[in-house]
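Asker: So the protein sequences, as listed, match chains X and R. Take the first sequence: its letters are residues 1 to 236, numbered as in the working numbering. Take the second sequence: its letters are residues 1001 to 1177, numbered as in the working numbering.
Quick caveat, the hints were computed from the structure, so don't treat them as lab data. Keep in mind the model is a prediction, meaning the values are calculated, not measured. Among these hints, one or two may not hold up.
Claimed, not checked - Here are the simulated SDA-like pairs of lysine to any residue, each with C-alpha atoms no more than 20 angstroms apart in a straight line: (1) X/Lys-184 with R/Trp-1145; (2) X/Lys-62 with R/Glu-1129; (3) R/Lys-1051 with X/Ile-61.
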Amino acid sequence: MPKKEKSNVDIWLEGETKHKREALENASRHFDERDNFTVNTLEAVYGKESSFGADMRKRGIKGGAGHFMLEKPTAERYGLTATKENDQRFDIDDASNAAARYLKDLDTFFSKETNLGHGKRTIPVKSASERKKFVIAAYNGGEGRIASAQKEAVKAGKNPSLWNDVKQFLKAAGATIAKTEEIKNFLEKVLSYETEFAEKSPADKKAKKKKPKKSGYRCTGGRWRTIDDQPVMICD
Amino acid sequence: MRQLYIIICLAVYCIFIPQIYAQAPDNELANMTCVVGDETHSQKVTLAEGKYRYPNEHPLLCVYYEGEFVYGDFNGDGLQDAAVVIYDSGGGSGYSTNLAFLINDGTQLVHKSSYDLGYRPDIIFLDEEDGKVVIDMCAYDENTWGEGIKKRKKVTYGYTGPSVWGPRLGYPIKIVD
């Protein structure tokens, strides 16, 4: 009998620490009954973005980095510091909280018409499960791009609330060929990982029903740095 | 007294002048004008301190230069050109990584061509060898979109003439010159 090869999800769950799981569960409290997310959605995004923290790029860079590949401006929007000396995108508690809040904000943008500025408006997607596709695509491709693709779909007489219709207009909305493929692939993979995590992950799926709380976690491993003349522990 | 003055001057020269020169090229590149996109869409942008973001809120295009560059004569005309790594995104987590050749036209560095470096490579080091750029990096196999593991490899890129960039279709700002 040939040995069954481990899936990515199996590998990530094997390496998942208690602290990581608790951080993800805690972050999933930013979700609520109006969205279609659970802790498994966060796990799936985490796996796809950084292979559960194995591939996080460099501290302090302007582009996407850390556990959830947040760009520096996005991280700063959610109150994180992203400097070379202290990059909270590399702290699982801070990064997962910011990522969950970002997903929740994206869900809000696509649940009602939202003015994103510069002529970009989202078109509401009523169904929470369908909206999830727009949100995950926007997490990777940017909400502006997805809203523009919705607008292009309307122009072409297609349904702007159906992802299968809208995804055909990513290129017309300014995405390059590679970017278009990346967005589609990202969504497909995240949804597939989410299903697998739902089957296999021991994380508490009901955590979203609880109110968000501030983490009481304090790391013990790390290194001290001086920032603004104050000693700060940078957690490993 | 005069000797002390000379020693102080020499010390200042040794400490500060190399730093000024060391920063100069990076500053120049951090404010470069470059083109991002492909044969279907392209956009000419000018970075400010290594970044371009338009619009600032809910951007459609972000371009980042993270200080990865190498100088060399890449078109064989005897002038010093530059090759830099630039990243672009639509504001989300997804990004493209490109090696851009900036060719010296005698007065300035002009972005002439780019190579797509694949899905999320980790750039370890850029070097110049015989008028070409050698990149030491960890990268996924082609078309795997992050499946599998990254492998360390050295890839050589040569400047082979200007890239073909397409006009921008509608979004977000203007057609490339």
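Asker: State for each hint whether it applies.
Answerer: Each hint tested on the structure:
A threshold of 20 angstroms between alpha carbons decides the hint, and for X/Lys-184 with R/Trp-1145 the separation of about 11 angstroms falls inside it, so the pair holds. For the proposed pair X/Lys-62 and R/Glu-1129, the alpha carbon gap of about 29 angstroms is over 20 angstroms, so the pair is violated. Between R/Lys-1051 and X/Ile-61 the alpha-carbon distance is near 11 angstroms, which keeps this suggested pair within the 20 angstroms criterion.
Checked against the numbered hints given earlier, the structure breaks only hint 2 and satisfies all the rest.
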